[in-house]
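Number of protein chains: 2
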Amino acid sequence: MRATTIHAPGDIRLSEVPDPTIEAPTDAIVRVTAGCICGSDLWPYRGENPIREGATIGHEAVGVVEAIGSEVKDFRPGDFVVIPFCHCDNTCPDCLAGVQSACPNADGTSSGQAELTRVTQADGSLVKTDGMPDDALVPSLLALTDVMATGWHAAVAAGVREGSTAVVVGDGAVGLCGVIAAQQLGAERIVAMSRHEPRQALARRFGATHVVAERGDDAVAAVMELTGGIGADAVLECVGTHQSMDTAFHVARAGSTVGFVGVPHGVELPLRRMFVRNIGLAGGIAPVRRYLPDLMERVLDGRIDPGLVFDLELPLDEVAEGYRAMDERRAIKVLLRP
Amino acid sequence: MRATTIHAPGDIRLSEVPDPTIEAPTDAIVRVTAGCICGSDLWPYRGENPIREGATIGHEAVGVVEAIGSEVKDFRPGDFVVIPFCHCDNTCPDCLAGVQSACPNADGTSSGQAELTRVTQADGSLVKTDGMPDDALVPSLLALTDVMATGWHAAVAAGVREGSTAVVVGDGAVGLCGVIAAQQLGAERIVAMSRHEPRQALARRFGATHVVAERGDDAVAAVMELTGGIGADAVLECVGTHQSMDTAFHVARAGSTVGFVGVPHGVELPLRRMFVRNIGLAGGIAPVRRYLPDLMERVLDGRIDPGLVFDLELPLDEVAEGYRAMDERRAIKVLLRP
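Going down the list, the sequences are from chains A and S.
The first sequence maps to residues 1 to 338 in the UniProt record's numbering.
The second sequence maps to residues 1 to 338 in the UniProt record's numbering.
For the record, the hints were derived by calculation from the structure and aren't laboratory data.
Predicted, not measured: the structure shown is a model, and the values here were computed from it.
The beta carbon of each residue, even a glycine, is placed where N, CA and C say it ideally should be.
It is possible that part of the hints are untrue.
Footprint (simulated), chain A over chain S, 3 or more residues, beta carbon under 8 Å [stated by the list, open to error]:
1) 95 to 108
2) 260 to 266
3) 269 to 276
4) 283 to 291
Non-contacting residues of chain S with respect to chain A, defined by C-beta distances greater than 10 Å in every case (computed) [what the hints assert, rightly or not]:
5) E16
6) D123
7) G163
8) M296
9) R324
Sequences are here, hints too, so could you generate the full structure?
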């Protein structure tokens, strides 16, 4: 089959690789109908994470079950499924506690930028739709595999509540989905931090009531003015750099929580400030499976439309151009059709 | 009046200093009937925090109101009061959100190792008993000014719940009070980490169901064995060193929260682990006033007896010996009578 591989920073190829096979009786093979490129795929692309030459890349996909292992009970070939980027058995103590991303019994992630992908612990990992979904819903269902669930996790971790003021740091797909999450969880004021006009517009469409285009101290000052000098009730940190984390802790009010979902790179936490002002940190890799059934309902009944984060659609053949477009911020998020 | 002053590492004196006076109409002056030495007083004593030569030291006291400013409404001379180590107006947005320790309208702490002490924002800060309390209750009431409220804050921040497994890192007075808090909040298993037999015994008396005497990797292994390899539901970090924080994050289960109340010294957080395993960090300086009315009830009706952490009582004259005893771990906590 054809799958996306990375060979060096900036070197993305569509390669011929062996088809995935059922390796454990709990596995399933899914034929990908739509995959996409994640902001976290850009870390190795930019040389900021180590690369194993020729490794497949990509971890977000939806598609149709092609084959199942002998112990898979809840899925059949032909089912349309959403694949959480981290697999899980959904029965172990960690999963039952809602931390499916830490499940010790599932193995890695699917390679979503490919024609076929293997899902471990299929019964625990997958969620299916009732029949084949309308094609117009596919982008939003695809967004649930990672970015929408991750933005949701940031909002839950930050403790967004009815009537609260939430600040979203980061205007990538995850940050924009964080705006959706804050809106759905009842935040009254949602401040999106963004300097990019198309992303500002999308943030407003998703429910942002304020946009702060400044960065650093000026951004902090803007939020402080908005909140009467008190700071935000909940802060969603959706980037993972030192600067974004620092901004997050400086706009968070005393006693609040920064929900963080951006893979941390070079971050040094302001521990003294956290201690003196009782600002907590919560979050991490999103337990996608925990939120997936609820989020799927919200997509199917039209309450949320996270698929709008895909502003470029390409055939899988052009995956390298997709990476370039995201790297150069010409696209927020790229959808790939095999 | 006589007050404790610090002049250099290890150099504690009882000195003659000017009596405190009403400086703002919201102030009160309290005649101290009992004060004590805090673990955090040992940081400057050991030269690990900067010292202003001749500065007063100590911040925990109970006593009788001696004088009030013109705007103090709720207290009269003669009232017996418990003084939270951090003052607060208890009416600002931060106080109303339960973060009285971040109140911007109160000024510092009382100097509790002295004959008299000034309390700012007296109406917001102080809590009085109904008449003069039985002398036997004074140690427990004194413990509420800091250590008991701080241990309680660790348990609340860590999210201790009915039926949960809580680990308390640290067997100082705060850690021991953390055991009390975990017990009161319904933890089913409470693991006290302690190598010191008298402290182990007190931890068990306060409700610890298990004691782990090991440190580092061995301590982690012991907790993992106790929890079937999953880790603790809630971890109370009551020390503030790098090693204690590291242990805390390694015994915490995925998705849990480390509640931290030990002033952090030289701590580097395991951010990658926090992210991958969704282990949060919450806590900081305890908002004593938030918990004080409830904790006072628990003391008065005998549900808790945190005064047992005082295992040495000295006249204020002998304050220097009190510091030595705590520094050498001959005493858990020293009560001082002016």
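So, going through the hints one by one against the coordinates:
no.: 1; hint: 95 to 108; verdict: holds (count 5)
no.: 2; hint: 260 to 266; verdict: holds (count 3)
no.: 3; hint: 269 to 276; verdict: holds (count 6)
no.: 4; hint: 283 to 291; verdict: holds (count 4)
no.: 5; hint: E16; verdict: holds, 33 Å
no.: 6; hint: D123; verdict: holds, 21 Å
no.: 7; hint: G163; verdict: holds, 13 Å
no.: 8; hint: M296; verdict: holds, 22 Å
no.: 9; hint: R324; verdict: holds, 28 Å
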